[in-house]
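*Asks:* Note that the protein sequences, when read in sequence, are chains A and B.
Residue numbering for the first sequence follows our numbering, starting at 316 and increasing by one per position.
Residue numbering for the second sequence follows our numbering, starting at 2 and increasing by one per position.
Keep in mind that the hints were calculated from the coordinates and are not lab data.
Keep in mind the model is a prediction, meaning the values are calculated, not measured.
Don't take every hint at face value.
Claimed, not checked - Residues of chain A clear of chain B, computed beta-carbon distances all greater than 12 Å: (1) Leu334; (2) Val378; (3) Leu396; (4) Leu648.
To be verified - Chain B regions said to be covered by chain A (calculated; three or more residues, Cβ under 8 Å): (5) 20 to 26; (6) 29 to 35; (7) 38 to 48; (8) 51 to 57.
We put the beta carbon where it would ideally sit given N, CA and C, even for glycine.
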Amino acid sequence: MTTQPIASLSDASALLCTLLVFMVPMAWVGLALVNTGLGRSRSAAHSMLSSLCVLAVAAIVYVAFGFSVQGISGGPAHAILMGGKEWNWIAAEPVFLRGLRFDFSPLSLTVLLQVFTVGLAALIPLSSGTDRWRLGAICCSTVLLAGFTYPLFAHWVWGGGWLAQLGVNYDLGRGVVDAGGAGTIHAVGGLTALSITWILGPRSGKYEPSGSTTVIPAAIPAHNVVLVLLGCLFAEMGWLGLNSAGAILFSGVQPSRVILIALNTTVSAGASGLTAAAVTGIRFRRPDASLVANAWMAGLVASSAGAPFLKPAAAILVGAVAGALVPFAVELLEFRLTVDDSGGAISVHTVAGIWGLCSVAALSNVGTQSGFNGQWLAQLVGIATLLGFMLPLTYGLNWLLNAVYRQRVDVEGECRGMDLHELGAGAYPEFVVHSDEFIQS
Amino acid sequence: MKLAGLLLLVAGWGIVLSALALLPSQIGRAGFVLAGVALEFLGLALLTYAHSVLNTEKG
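Required output: the full structure, derived from the provided sequences and hints.
*Replies:* Written out as structure tokens, the structure reads:
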């Protein structure tokens, strides 16, 4: 079993791969619907428009210079010598994809998949900044993510960077293995969401000081759970393409394994959703639809790292653990740590993404040939890099952005809702949901 | 406190990188990688606490 990018594809495999890549935008749809549904009704149109803007900015920035940072495995790159080994830090591809041939080759399919996945990563922070993140700031922050932070980490894992080389250089299994992007797409997006949540602060009225040591957060429920649950179904379709195409193009998995990958992706999401339904059913006497939806997404995220390498029973376990983690992570963040993560992006994408990375070492046989369980160490180094480098980097860059261009909307805008304040019209003008909404002052 | 948390995160990553580059044995590497990750979690806790205090004060 290899985890190296594939060198060539037969015509049938190239066609299959193209179809799988074309399915990935369904994950955009899913994520956009989940983000919008979990927010307030007075920011619904803003949320959907932000999703479109984010996808547009991410694609253009990635094509303009993001790909030159990420590159491909075996392509031109800058490396330094550390401890007698070559550490590949950053790619040196030309800007605007110059020199690339666009055909059915693995390279061109990889570039297309990357354009789609960078959009997916950029959509994640939207969920945490709902109801208070200005559209202009969203676009600027997306430039940072799509142009530098995401491509840099993706180069390290998928572009032949130092994390991918841990196996060759230090005998750590097969280096960091992340076939569908649990860490590369989701944990990076989730850590950006955490940075954004910290920089923006909580929504007004979320944490009122009560005079006692315990602060009880105000409940701000999802405005449309049907949208959220529909988003989960769309996301499932997108993830089938993402996990399958990622496994073939980034990890060199044989195209015949797409059946196993699709099966593992589905049972992981299902197990995660059912576990969350059971956990919330036991804790609150009835299943919580928002948390079950979040858990479904978390099951998809967790499956991404190891779907090609896990047996179906192990994939069910991966999903079940993700589904058990999500309700507790959401509660811990909201109640104990006062992190106002309105859409649960940090729990879904960071926590489940990191669990997905661990599951490759814990439940698959990838890298076990090296004797000492080096795959565990490789995955841990990947997680350490996410926490110790990507989080400070994305926090620092967004903090600097906030210093020159304020990211949070003013108090008046937050009260009126982002739709009226930034777009001048509400998403649901025919329906007055709350008495203070849809009234132009 | 925020800065201290961020520095701990970066320091933890530095320990992980140093362990890879400098230590020859896998056991030694594993120990230092775990220590680095533990330091990162400490930094994350400190950073979270700093923001939590800020959020509670602001309301």
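*Asks:* Determine which of the earlier numbered hints do not hold for this structure and return their numbers in increasing order.
*Replies:* The structure conflicts with hints 3 and 4, although it agrees with all the remaining ones.
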